[in-house]
Amino acid sequence: MGVAAGVITLTACGSDSDSQGSGSGNSSAANLVMTVWGGENDKTTYQKRIDLLVKKYPEMKVTLQLIPGDGYAQKVQTMIAGGKGPDIMQVAENVNVYSSKNQILALDELAGKAGLDLEKRFGSIAKIYSYEDKVYAIPDRSGAMIVYYNKTLFDAKGIKAPTADWTWDDALSAFKEVTVPGKQWGYAGGGWWAQWWSFVYQNGGKIIDDSGKPAVASDEVIEALQWTGDLIFKHGVVPTKKQYADMGADVGGDGAFANGKVAVNTTGFWGISGLTKSKIEWDIAPLWKGKEQAVTAFGSGLAISRTAKNPEAAFKAIDFLTAPEAQQQIIGTGQDVPASLEVQKSDAFLKPAWMTKPVNMNVFAESSDFVYRAPFVPAWNEMQKAFDDGLADFWLGKQDARAALTAIQQRLESIVKPAG
Amino acid sequence: MMSKLRRREAMWFYLFASPWIIGFVVFLLGPMIASIYISLTDWDSFTAPEWVGLENYKRLLTDDPVFWKALWNTFYYAAISVPLGLVIGLWLANLLNKQVRVRKVFRTLIYLPTLVPLVATAMIFKMVLAPSGPLNDVLGVVGIPGPSWLLEAMWVKPALILLSVWGAGAATVLLLAAMKGIPRELYEAAEVDGASPIRQFWSITVPQLTPIIFFNLIMGLIGAFQVFSQVYILTKPVGGPDNASQMMVPLLFNEAFSFYHMGYASAISWLLFAVILVFTLMAFRTARRWVFYETEVK
Chain P
1 MGVAAGVITL
11 TACGSDSDSQ
21 GSGSGNSSAA
31 NLVMTVWGGE
41 NDKTTYQKRI
51 DLLVKKYPEM
61 KVTLQLIPGD
71 GYAQKVQTMI
81 AGGKGPDIMQ
91 VAENVNVYSS
101 KNQILALDEL
111 AGKAGLDLEK
121 RFGSIAKIYS
131 YEDKVYAIPD
141 RSGAMIVYYN
151 KTLFDAKGIK
161 APTADWTWDD
171 ALSAFKEVTV
181 PGKQWGYAGG
191 GWWAQWWSFV
201 YQNGGKIIDD
211 SGKPAVASDE
221 VIEALQWTGD
231 LIFKHGVVPT
241 KKQYADMGAD
251 VGGDGAFANG
261 KVAVNTTGFW
271 GISGLTKSKI
281 EWDIAPLWKG
291 KEQAVTAFGS
301 GLAISRTAKN
311 PEAAFKAIDF
321 LTAPEAQQQI
331 IGTGQDVPAS
341 LEVQKSDAFL
351 KPAWMTKPVN
361 MNVFAESSDF
371 VYRAPFVPAW
381 NEMQKAFDDG
391 LADFWLGKQD
401 ARAALTAIQQ
411 RLESIVKPAG
Chain L
1 MMSKLRRREA
11 MWFYLFASPW
21 IIGFVVFLLG
31 PMIASIYISL
41 TDWDSFTAPE
51 WVGLENYKRL
61 LTDDPVFWKA
71 LWNTFYYAAI
81 SVPLGLVIGL
91 WLANLLNKQV
101 RVRKVFRTLI
111 YLPTLVPLVA
121 TAMIFKMVLA
131 PSGPLNDVLG
141 VVGIPGPSWL
151 LEAMWVKPAL
161 ILLSVWGAGA
171 ATVLLLAAMK
181 GIPRELYEAA
191 EVDGASPIRQ
201 FWSITVPQLT
211 PIIFFNLIMG
221 LIGAFQVFSQ
231 VYILTKPVGG
241 PDNASQMMVP
251 LLFNEAFSFY
261 HMGYASAISW
271 LLFAVILVFT
281 LMAFRTARRW
291 VFYETEVK
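Residue numbers (full-length UniProt numbering), protein chains in the order written: chain P, 1 to 420; chain L, 1 to 298.
Derived from the structure by calculation, the hints contain no laboratory data. Note that the Cβ used here is the ideal one computed from N, Cα and C, for glycine as well. You may find that some hints are simply not true.
[Unchecked claim] Think about it this way: if two alpha-carbon atoms lie no more than 25 Å apart in a straight line, the pair counts; the simulated SDA-like pairs of lysine to any residue are:
no. : chain 1 : residue 1 : chain 2 : residue 2
1   : P       : Lys120    : P       : Glu132
2   : P       : Lys113    : P       : Pro311
3   : P       : Lys398    : L       : Gly194
4   : L       : Lys98     : L       : Gly194
5   : L       : Lys236    : P       : Gln410
6   : P       : Lys61     : P       : Thr333
7   : P       : Lys417    : L       : Ala48
8   : P       : Lys417    : L       : Leu40
9   : P       : Lys242    : L       : Ile124
10  : P       : Lys75     : L       : Ile233
11  : P       : Lys242    : P       : Val180
12  : P       : Lys213    : L       : Asp64
13  : P       : Lys417    : L       : Glu55
[As the list claims (entries may be wrong)] On the chain P side, residues computed to face chain L include the following (Cβ under 10 Å):
no. : residue
14  : Ala81
15  : Lys242
16  : Gly248
17  : Asp283
18  : Pro378
19  : Gly390
20  : Trp395
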């Protein structure tokens, strides 16, 4: 095994980054590496926030590494495995891949020392990135899924703007009104987990129950999924996969909505930037409700990897980056919804300078009251794959929700094990 | 006893060969040996690997329906795409070898698809293969209702094979070059004996080309068993619907970098290695019977 071990260390040393500026008396003097994913605008936004940080704490040096979305997880994985993990890393739904394996640090103690009150700063999502009652990442960006609707199509049929009080039936009848078979559809569809899971939680169902076991074969989950599927095959108000494939390569709900082919789309904040240049008239609204209100929230948090040499300094940086001053940059560039509640309610957020149309930005603060706690299990990717595989026939209309979910439940039981 | 000169020569030999030797040991042999060890462990790439013996192999072979599905899909893909690519390559080369006008233009056009980056080709294929896309329009003209290629479990593999045949131009160029090298006298002699062009093709051209056909067969087999990008770009979710287009390499990529099962993924890679080895050996064994080298006396 000598050869192999030698090779591993050899390759691990291949990408040597600059070493820590340790030894100086000042405890927050540090060279920090921060990894994030995204594109050009994300890079600009993070850099602007880091510039503010360094201005406040000149003794810190922060190197931003932007890794394109597809390769992010793999790259960070190899960095950590090689002992050169980032000090600060962006995490999202897969946070517990790292926390369950002790690759990122529990932050409760550091937050206590710094006097950071998470609930005050972030409200209901304060502890969204927790594992076994410990917080592993500080919320940084967070916006609920929202409803985009085509004003022209709604006005033509005299339908009022969607509200949080719409029921499933209200939504369905509106979809039916604006559907022109084969040409125009009421709704872009709920095939993405963030969408149909919202309906599951609205219906009183849960993907993973409170004891940590999968619970997708329950009547509540089945009913919600069946409702989502019926929109396509029973009511014809959502394009089928075939109809989507005919709209062009990689056209999905967002593209179809921007083209005016579907009247309603449910997605995150990022839809806005794609629509500022679209020719259609649109606005946003909170998601409708079922038996209760519930909606998926998207976002990401900042965590500290186990290889960080100066966790105190890293936390100090995170504390600053998630405070209002730095968070304002997130909306300033139109990147995302900042997690800070104070910023979400500020004028800078409600009337962003770059917005070309009057858009009801208050929807995000309104929605944040009924965000459900999504199950970020360590085996997140495997769980998603189980749904992708198991629902393939369902989304083609070849299987009913009960049969599909019963099979998925069985597979999930071997993938998702209760913690501890 | 080695003479001084021989020793010096040997030293120079190793010196010049060292870049390759070092590269091979560090980047190929080393990782290969490491991956044998990893395949015998349960390793998430973060925490220390845990020794599990042959458990990964046992689970793969006896308790993982997705693995068998991926193996079957890969066989299916290789068994059709490789011979099909060869036949089409041979056919095109033969056409180009005739005295047609603007032959050079055709040759360029046929080779061109090989130069287009795979990602771009795959994006275009997505549109071509759309349920109401150009391909199904053409099929519709002759009265065949085309399937939803990429969305149906039954048609997604044929769609991937179609994409692979698109790259047949690479084989064509090699075969064409070899055809040009066949001595004219052979054809002249055959013509004098009254052999028809078809007879000439089967009795002269094909036997003379067998070394090149064999080369393309081996490379094609290895490439087909390792198919990755096509699946990764064309199918969504990767390997979908419901693993109908899941192949060995995308499967091991998923296990290693998406599910964090490094040990399991390493075991898959060794099984894939064994499969490729067996097929390559089989090809070499049968080669004695159908591949002819000019210098060889039978």
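Status of each hint after checking the structure:
1. P:Lys120 x P:Glu132: holds, 22 Å
2. P:Lys113 x P:Pro311: Within the cut-off at roughly 12 Å; holds.
3. P:Lys398 x L:Gly194: violated, 61 Å
4. L:Lys98 x L:Gly194: holds, 19 Å
5. L:Lys236 x P:Gln410: holds, 23 Å
6. P:Lys61 x P:Thr333: Holds: Lys61 (chain P) and Thr333 (chain P) sit about 23 Å apart, inside 25 Å.
7. P:Lys417 x L:Ala48: holds, 20 Å
8. P:Lys417 x L:Leu40: holds, 23 Å
9. P:Lys242 x L:Ile124: Holds, at about 17 Å.
10. P:Lys75 x L:Ile233: holds, 20 Å
11. P:Lys242 x P:Val180: Given that 25 Å is the threshold and the Cα spacing comes to 17 Å, the pair holds.
12. P:Lys213 x L:Asp64: holds, 22 Å
13. P:Lys417 x L:Glu55: The given pair, whose Cα atoms are some 20 Å apart, holds under the 25 Å limit.
14. Ala81: Where the cut-off is 10 Å and the nearest Cβ of chain L is about 5 Å from Ala81 (chain P), the hint holds.
15. Lys242: holds, 4 Å
16. Gly248: Check passed: Cβ of Gly248 (chain P) comes within 7 Å of chain L, closer than 10 Å.
17. Asp283: It is violated, given that the least Cβ distance between Asp283 (chain P) and chain L is near 30 Å, above 10 Å.
18. Pro378: Nearest chain L Cβ about 9 Å off; hint holds.
19. Gly390: holds, 7 Å
20. Trp395: holds, 8 Å
Going through the hint list in order, the structure does not satisfy hints 3, 17.
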